[in-house]
Amino acid sequence: MAPELTDVQTAVAAASTDETARITATLIRVTGDWNLAEDCVQDAFARALADWPERGIPRNPGAWLTTVAKNKAIDRLRSAASEKRAVRELAILTELEGLAEEGISNPAADDDRLRLIHTCCHPALPLEARVALTLRTVAGLTVSEIARAFLVSEATMSKRLVRARAKIRDAGIPYRVPPPELISERTGGILAVLYLMFNEGYSATGGDSLIREPLVREAIRLTRLLLALLSGSPQEPEALGLLALMLFHHARRNTRTDAAGDLVTLEDQNRELWDSAAITEATTLLATAERCGTSRRIQPGSYRVQAAIAACHMTARTSDTTDFARVAALYDTLARISPSPVIELNRAVAVAMSQGPEAGLSLIEQLDQSRALEGYYLLPAAKADLLRRLGRKTEASHEYRRARELAPSEVERRYLGRRLAETLAETKEKNETPTDDPQQR
Amino acid sequence: MEYMLFICTDPTAPKYVAAEDNIAEWGAEMESRGVALHGDRLRPVSDATTVTVRGGEVLVSDGPFAETKEWIAGYDIIKCADLDEAIEVASKHPMARFGKIEIRPVWPLGE
Chain A
1 MAPELTDVQT AVAAASTDET ARITATLIRV TGDWNLAEDC VQDAFARALA DWPERGIPRN
61 PGAWLTTVAK NKAIDRLRSA ASEKRAVREL AILTELEGLA EEGISNPAAD DDRLRLIHTC
121 CHPALPLEAR VALTLRTVAG LTVSEIARAF LVSEATMSKR LVRARAKIRD AGIPYRVPPP
181 ELISERTGGI LAVLYLMFNE GYSATGGDSL IREPLVREAI RLTRLLLALL SGSPQEPEAL
241 GLLALMLFHH ARRNTRTDAA GDLVTLEDQN RELWDSAAIT EATTLLATAE RCGTSRRIQP
301 GSYRVQAAIA ACHMTARTSD TTDFARVAAL YDTLARISPS PVIELNRAVA VAMSQGPEAG
361 LSLIEQLDQS RALEGYYLLP AAKADLLRRL GRKTEASHEY RRARELAPSE VERRYLGRRL
421 AETLAETKEK NETPTDDPQQ R
Chain B
1 MEYMLFICTD PTAPKYVAAE DNIAEWGAEM ESRGVALHGD RLRPVSDATT VTVRGGEVLV
61 SDGPFAETKE WIAGYDIIKC ADLDEAIEVA SKHPMARFGK IEIRPVWPLG E
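As you go down the protein sequences, you meet chains A and B in turn.
FYI, the numbering for the first sequence is 1 to 441, going by the UniProt record's numbering.
FYI, the numbering for the second sequence is 1 to 111, going by the UniProt record's numbering.
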């Protein structure tokens with residue numbers, strides 16, 4: 001019986017997610033030709049859409065697609081080889097013909113994907129090209145999807161990808177997993193690409209909300225893939241930490257804005273709505289990271305510490321019961337690993353929460369005077385909140401105004417505008433009915 | 001593949017220490033590996049001359065990098081399996097520590 005069209009579409013979509021990178025990676029390894037590999041894999045999916053409704057969905061879609069893509073590559077190379085009689089291409093043909101067809105059960109296929117990620121994230125490529133290439137080749141996103149995610153035109157993104165591929169070929173960037181002595185530094189770069197991808201999808205600034213969520217999911221999926229391939233390597237604890245960090249953030253996805261699309265701060269989010277399964281998984285991953293880091297004597301890196309901070313927030317029943325002393329101590333560690341004024345600002349906020357607003361404010365004022373964060377709206381925003389808590393409302397409203405002017409998105413401007421209005425109302429209230437003044441009581 | 005290494009000065013790099021200069025060792029290793037093809041130092045930018053022909057007229061001037069503090073101080077042409085090997089070769093060159101090295105793939109005519 002012929003399958004329903006929707007069943008076929010579902011099967012093709014599932015195979016696309018699971019198999020595209022695997023098959024493309026293998027074809028790139030054998031042919032060394034990125035465009036050929038991608039074209040052949042796309043042809044194979046097009047054939048599936050035409051073929052499966054009539055002949056049924058194959059028992060092993062991955063193997064079916066591998067065979068079709070492989071045969072396409074052979075056809076294309078044969079016609080090219082007969083013209084040029086290139087010896088190299090004949091050698092490739094022989095290897096292609098001998099290629100195992102069960103892409104799925106073939107252990108080399110996983111190695112091919114690892115090779116692919118390492119090649120896409122080679123440090124000789126510009127960072128934006130690394131992200132784009134990973135999304136295109138490893139995650140299988142279309143050029144227009146990637147362009148939308150990064151708020152550039154399709155033509156720009158397309159050019160960027162063409163240039164990156166040309167550089168891989170012309171500069172001799174090898175298609176392989178680097179040797180052991182390079183694995184650590186290279187894997188660090190891959191984790192950075194995956195985190196960038198995640199943040200691009202997670203940050204609420206601008207863009208088409210439709211594509212942002214898939215970007216987050218892809219980053220999580222690829223981090224899982226990388227993790228599976230990193231088993232036993234020195235980078236494993238950091239990769240575990242990164243995945244935990246992503247899952248902790250992702251668990252709050254439904255509570256970060258309200259029904260009107262307005263920003264809800266961590267403090268005010270409805271914890272009932274957090275994704276408890278994601279939090280549980282992240283907690284377990286982090287514990288595994290700590291355990292395997294300790295047993296192999298690997299100092300925690302930035303992702304592990306950031307995940308530990310997120311864990312403090314995500315596992316507290318209420319905002320008030322968060323262990324802010326631990327959060328502040330972890331920011332201290334983080335500041336040592338990767339010093340940055342943004343981390344100092346976060347540390348100051350944690351100090352304010354654990355030791356009182358005075359202590360936090362003095363740290364923020366030092367930071368403000370150093371001008372290291374000039375133009376960064378979260379500094380005046382944090383300062384304003386502490387001033388408000390100290391009852392210094394006039395100064396607070398001044399800082400809220402400063403923050404609102406610098407805020408990058410409409411959602412954030414609205415939020416700060418609301419806080420400003422509240423502070424101004426409190427100031428007014430205080431002037432008219434000065435109940436805070438002991439002399440009048 | 002062939003790569004050209006541009007050995008560049010860098011005013012922000014640690015100061016040159018003659019005792020830590022292992023250029024002879026580098027040359028010997030790369031030669032024995034068959035990596036190094038040819039290389040030498042270059043005279044400073046102040047000794048450079050720039051030639052331009054515009055509208056059939058030859059213009060000769062000094063420079064061209066007179067304003068910059070970084071310049072190409074030497075070059076090496078190497079033959080490597082891929083970029084990773086070229087990076088490894090460049091990273092062992094003493095000027096990677098006292099300056100910086102730009103790796104440029106050679107693009108043979110006709111390719």
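A portion of the hints provided could be inaccurate.
BS3-like, lysine-lysine: derived pairs with alpha carbons at most 25 Å apart [claimed, not checked]: (1) B:15 x B:92; (2) B:100 x B:69; (3) A:167 x B:15; (4) B:15 x B:79; (5) B:69 x B:92; (6) B:79 x B:100; (7) B:69 x A:167; (8) B:69 x B:79; (9) B:79 x A:167.
Because the hints were derived from the structure by calculation, they are not lab data.
Note that the structure is a prediction, hence the values are computed from the model and not measured.
We went through each hint and held it up to the structure:
{"no.": "1", "hint": "B:15 x B:92", "verdict": "holds, 17 Å"}
{"no.": "2", "hint": "B:100 x B:69", "verdict": "holds, 13 Å"}
{"no.": "3", "hint": "A:167 x B:15", "verdict": "violated, 33 Å"}
{"no.": "4", "hint": "B:15 x B:79", "verdict": "violated, 30 Å"}
{"no.": "5", "hint": "B:69 x B:92", "verdict": "holds, 24 Å"}
{"no.": "6", "hint": "B:79 x B:100", "verdict": "holds, 19 Å"}
{"no.": "7", "hint": "B:69 x A:167", "verdict": "violated, 28 Å"}
{"no.": "8", "hint": "B:69 x B:79", "verdict": "violated, 30 Å"}
{"no.": "9", "hint": "B:79 x A:167", "verdict": "holds, 18 Å"}
In this structure, the earlier hints numbered 3, 4, 7, 8 are contradicted, and the remaining ones agree with it.
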